[in-house]
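Please arrange chain B on chain A, whose structure you already have, making use of the hints.
One letter stands for each residue in the lines below.
There are 2 protein chains.
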Amino acid sequence: MNDIDILLVKESIFDNNNERASLLRDELKKKKLFFVNVMSSPGAGKTTTLISLIKKLEDRYNIAVMEADIDSDFDAKRIKSETKARVIQLHTGGMCHLDSDMTRQGMEKMGIEGIDLCFLENIGNLVCPAEFDTGAHLNMVILSVPEGDDKPVKYPLMFQVADLVLINKIDTLPIFDFNIEECSRVILKRNPNAKIFKVSALKDEGIDILANEFVRRMEK
Amino acid sequence: MNDIDILLVKESIFDNNNERASLLRDELKKKKLFFVNVMSSPGAGKTTTLISLIKKLEDRYNIAVMEADIDSDFDAKRIKSETKARVIQLHTGGMCHLDSDMTRQGMEKMGIEGIDLCFLENIGNLVCPAEFDTGAHLNMVILSVPEGDDKPVKYPLMFQVADLVLINKIDTLPIFDFNIEECSRVILKRNPNAKIFKVSALKDEGIDILANEFVRRMEK
Numbered sequence: 001m002n003d004i005d006i007l008l009v010k011e012s013i014f015d016n017n018n019e020r021a022s023l024l025r026d027e028l029k030k031k032k033l034f035f036v037n038v039m040s041s042p043g044a045g046k047t048t049t050l051i052s053l054i055k056k057l058e059d060r061y062n063i064a065v066m067e068a069d070i071d072s073d074f075d076a077k078r079i080k081s082e083t084k085a086r087v088i089q090l091h092t093g094g095m096c097h098l099d100s101d102m103t104r105q106g107m108e109k110m111g112i113e114g115i116d117l118c119f120l121e122n123i124g125n126l127v128c129p130a131e132f133d134t135g136a137h138l139n140m141v142i143l144s145v146p147e148g149d150d151k152p153v154k155y156p157l158m159f160q161v162a163d164l165v166l167i168n169k170i171d172t173l174p175i176f177d178f179n180i181e182e183c184s185r186v187i188l189k190r191n192p193n194a195k196i197f198k199v200s201a202l203k204d205e206g207i208d209i210l211a212n213e214f215v216r217r218m219e220k
Numbered sequence: 001m002n003d004i005d006i007l008l009v010k011e012s013i014f015d016n017n018n019e020r021a022s023l024l025r026d027e028l029k030k031k032k033l034f035f036v037n038v039m040s041s042p043g044a045g046k047t048t049t050l051i052s053l054i055k056k057l058e059d060r061y062n063i064a065v066m067e068a069d070i071d072s073d074f075d076a077k078r079i080k081s082e083t084k085a086r087v088i089q090l091h092t093g094g095m096c097h098l099d100s101d102m103t104r105q106g107m108e109k110m111g112i113e114g115i116d117l118c119f120l121e122n123i124g125n126l127v128c129p130a131e132f133d134t135g136a137h138l139n140m141v142i143l144s145v146p147e148g149d150d151k152p153v154k155y156p157l158m159f160q161v162a163d164l165v166l167i168n169k170i171d172t173l174p175i176f177d178f179n180i181e182e183c184s185r186v187i188l189k190r191n192p193n194a195k196i197f198k199v200s201a202l203k204d205e206g207i208d209i210l211a212n213e214f215v216r217r218m219e220k
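From first to last, the protein sequence lines are chains A and B. According to the numbering used here, the first sequence is numbered sequentially starting from 1. According to the numbering used here, the second sequence is numbered sequentially starting from 1.
One chain only, chain A, in its complex shape:
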């Protein structure tokens, strides 16, 4: 029942990723598919956030998720068992990021007919995925409280390419030394257009507000 399609994505043979990403973005827009690239460190809560968010949106939209992992299929199985989303597992065979060509391979294999909203859960990595445009309409970056509030200083590009920044696991603020105001200030200094959300995906805190943001962006 939990069978998951698995695709080993091939390294792109093209060196014009930015152009090809723009092309994909335009194609998807014409199909009225809103495509979201989700990035974070390992263990920041990408999958839990997606499950919590999809539950709020799946009665309104047809949703798909491409789960990128080096090797495992844990996360795809979780999404499949806890939501109604269409799911495919992409294996990168050791690669540290996805580009727009790998994204396209995933969409072709999974099928996007009838899909309104498609998420890509990128490889857990704050460095490399930021360098490759996947063709997404929105980059959502998740930073979790236990990682520390200095991450936007240390991994600047990731926070520069972010449209939405989720500060996740806020239920653990009492036990970690994390200054949300200072962290937000640093993010907005580098990227004034970033929109910051404080959430706990596990405790379903702040996810309603995030879901409203998605509805707003999809219906405009």
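Where hints are given, some of them may not hold.
With a straight-line cut-off of 20 Å between C-alpha atoms, the simulated SDA-like cross-links for lysine to any residue are [unchecked claim]:
#1 A/Lys-84 with A/Phe-74
#2 B/Lys-10 with A/Glu-131
#3 B/Lys-203 with A/Leu-173
#4 B/Lys-77 with A/Asp-177
#5 A/Lys-32 with A/Lys-109
#6 B/Lys-189 with B/Lys-203
#7 B/Lys-30 with B/Met-110
#8 B/Lys-203 with A/Lys-84
#9 A/Lys-203 with B/Ile-175
#10 B/Lys-203 with A/Asp-177
#11 A/Lys-77 with B/Asp-177
#12 B/Lys-77 with A/Pro-156
Example chain A residues on the side facing chain B (calculated, C-beta under 7 Å, incomplete) [stated by the list, open to error]:
#13 Gly-43
#14 Asp-69
#15 Phe-74
#16 Val-127
#17 Asp-150
#18 Lys-154
#19 Pro-156
#20 Phe-197
To be clear, the hints were calculated from the coordinates, so they are not data collected in a lab. Note that beta-carbon positions come from the ideal geometry of N, C-alpha and C, so glycine has one too.
For chain B alone, coordinates are given in the frame of chain A:
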């Protein structure tokens, strides 16, 4: 007082990193310098662990630390202000890992005369650093409890190249769902030679045992 030397390391022009890493490892061994490569996700506690560990060892050994970061120098300043270690900040200019040539550049700039034990704090990344031999005698990988116990399944190469695996932030076990026994079983299945330590660097738990492991390895 907290002035830190900063070196922008240049991308290696050599394509034989494995050979060059072996060469560096042998050179350092002849100089009786024990070189340790520290790797983890962003925010797993590399710097806090180093400070806690160095405090236990600095009366016995002359210690140096090369702090690799994409851009900032926070961690180098922390090490400098909290320990007696010689410190240099390496900036990678966006690169996601260090190789043996970048390591060598750092050592040449910092100076390793009289040093018994040198740590490299690699870029926070569970993917790319695992692919590049830095010339280290020991790879120490830190996995923190808030990241989740599934990381060895998802980032297999990192745990295969690890000599020591530290499960850090064990003081937070009561609030996170993390199965140490299952996680250890998965690590040891892929890498039977890995030695696993349960620590809380912040609370100074388990660091004495880790320090003893270093003494044992350095004096054999």
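Now the hints, each set against the structure:
1. For the hint linking A/Lys-84 to A/Phe-74, the alpha-carbon distance of about 17 Å falls within 20 Å, and the restraint holds.
2. As the CA atoms of B/Lys-10 and A/Glu-131 are separated by approximately 19 Å, the hinted pair is consistent with the 20 Å bound.
3. Proximity of B/Lys-203 to A/Leu-173 is assessed by CA-CA distance (about 17 Å); at most 20 Å being required, the pair is judged to hold.
4. Between B/Lys-77 and A/Asp-177 the CA atoms are separated by roughly 18 Å; this keeps the pair inside 20 Å, and the hint holds.
5. For the given pair, A/Lys-32 sits about 19 Å from A/Lys-109 by alpha-carbon distance, which is consistent with the 20 Å threshold.
6. Proximity of B/Lys-189 to B/Lys-203 is assessed by CA-CA distance (about 30 Å); at most 20 Å being required, the pair is judged violated.
7. Proximity of B/Lys-30 to B/Met-110 is assessed by CA-CA distance (about 19 Å); at most 20 Å being required, the pair is judged to hold.
8. A threshold of 20 Å between alpha carbons decides the hint, and for B/Lys-203 with A/Lys-84 the separation of about 43 Å lies outside it, so the pair is violated.
9. Of the supplied pair hints, the one linking A/Lys-203 and B/Ile-175 holds, its CA atoms being roughly 12 Å apart against a limit of 20 Å.
10. For a cut-off of 20 Å, the pair hint linking B/Lys-203 to A/Asp-177 stands: about 13 Å separates their Cα positions.
11. Pair hint A/Lys-77 plus B/Asp-177 holds up; C-alpha atoms about 18 Å apart against a cutoff of 20 Å.
12. Annotation: proposed proximity of B/Lys-77 to A/Pro-156 holds, straight-line Cα distance about 19 Å (limit 20 Å).
13. Interface restraint check for A/Gly-43: the shortest CB-CB distance to chain B comes to about 3 Å, inside 7 Å, so the restraint holds.
14. The beta carbon of A/Asp-69 comes within 6 Å of a beta carbon in chain B, closer than 7 Å, and the hint placing it at the interface holds.
15. Checking A/Phe-74 against chain B: minimum C-beta separation of about 6 Å stays under 7 Å; hint holds.
16. With a least beta-carbon distance of about 4 Å to chain B, the hint placing A/Val-127 at the interface is held under the 7 Å criterion.
17. Interface hint at A/Asp-150: satisfied, since its Cβ lies 6 Å from the closest Cβ of chain B, which is below the 7 Å cut-off.
18. Annotation: interface hint on A/Lys-154 holds; nearest CB of chain B at approximately 5 Å, less than 7 Å.
19. The interface hint given for A/Pro-156 is met, as the beta carbon of that residue sits about 6 Å from the closest beta carbon of chain B, less than 7 Å.
20. Taking 7 Å as the C-beta cut-off, the interface hint given for A/Phe-197 is violated, the closest approach to chain B being about 19 Å.
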